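Student: The primary structure of each chain is shown beneath.
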Amino acid sequence: DAKTTQPPSMDCAEGRAANLPCNHSTISGNEYVYWYRQIHSQGPQYIIHGLKNNETNEMASLIITEDRKSSTLILPHATLRDTAVYYCIVRVVNAGKSTFGDGTTLTVKP
Amino acid sequence: NAGVTQTPKFRVLKTGQSMTLLCAQDMNHEYMYWYRQDPGMGLRLIHYSVGEGTTAKGEVPDGYNVSRLKKQNFLLGLESAAPSQTSVYFCASSYLQGTGELFFGEGSRLTVL
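Protein sequence lines, in the order shown, are assigned to chains A and B.
Numbering of the first sequence is given in our numbering, commencing with residue 1 and proceeding in unit increments.
Numbering of the second sequence is given in our numbering, commencing with residue 1001 and proceeding in unit increments.
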């Protein structure tokens, strides 16, 4: 699995968009980008994933650069409940191994 | 539909004792994983399984053993617990096909004295 690099922490004002970056410069052609978040000490929760096209669901948007070496997770209107650790990982969909890094701690402030 | 269930949720061991963590999933997932998370750190993969009867090493497999005798269960064993194994352990599972999304359990907090 390709490794990812994320900033250790970020702040965001409540109601504003939170943009979380991730670098994955060694990503392979068949590896997808996945985002998860972990609130307090709960198990991580899946947010979104994509291969090369931008993706959007009810939780967030995922923007992947054309060269696929980096991506940005966008929470359009951050709330206090979005305060969590966000993990960006890359993996082949049907491959067993799936490794996480240290993630970005997002703090949403009132 | 319970999803991924881990037992026990809390356990205190003395150095040298053994124990087994059980992960059960009711989603008929092929893949199952065990991670550990130390305070302030991300998740590190211990072992994983791509199907019944198969297991493979992850990033930090030393001191742990696993078994996948039934598709729905993935056991993590500590034969001789050490203080360095104090951690929160998470189990996850995913489908072979589909989105590849991982479904996580609530975690098992283990303290080794």
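Certain hints may be false.
Sample of chain A residues facing chain B (criterion: CB under 8 angstroms; computed from the structure) [to be verified]:
(1) P8
(2) S9
(3) C12
(4) Y32
(5) H40
(6) G43
(7) H49
(8) K52
(9) R91
(10) N94
(11) T99
(12) D102
Worth flagging that the hints you see were computed from the coordinates, not collected in a lab.
Note that this is a predicted model, so its numbers are computed, not measured.
Glycine included, every Cβ here is placed at the ideal spot set by N, Cα and C.
Student: All the hints need checking, so say for each whether the structure fits it.
Tutor: Results of checking the hints against the structure:
Interface hint status for P8(A): violated, as the beta-carbon distance to the closest one in chain B is roughly 10 angstroms, over 8 angstroms. With its C-beta approaching chain B no nearer than about 11 angstroms, S9(A) sits outside the 8 angstroms limit, and its interface hint is violated. About 20 angstroms separates the beta-carbon of C12(A) from the nearest beta-carbon of chain B, more than 8 angstroms, and the hint is not met. The beta carbon of Y32(A) comes within 7 angstroms of a beta carbon in chain B, closer than 8 angstroms, and the hint placing it at the interface holds.
For H40(A), the suggested interface contact is broken, since its CB lies about 10 angstroms from the closest CB of chain B, more than 8 angstroms. For G43(A), the interface hint holds, since its Cβ comes within 8 angstroms of a Cβ in chain B; the closest pair sits about 3 angstroms apart. With its C-beta approaching chain B no nearer than about 6 angstroms, H49(A) sits inside the 8 angstroms limit, and its interface hint holds. Taking 8 angstroms as the C-beta contact cut-off toward chain B, the hint placing K52(A) at the interface is violated, the least distance being around 15 angstroms.
For R91(A), the shortest C-beta to C-beta distance to chain B is roughly 7 angstroms, which falls under 8 angstroms, so the interface hint holds. Interface hint status for N94(A): upheld, as the beta-carbon distance to the closest one in chain B is roughly 6 angstroms, under 8 angstroms. Below 8 angstroms, beta-carbon pairs count as interface contacts, and T99(A) has one with chain B at about 5 angstroms; its hint therefore holds. A least Cβ separation of about 4 angstroms between D102(A) and chain B falls short of the 8 angstroms threshold, and the interface hint therefore holds.
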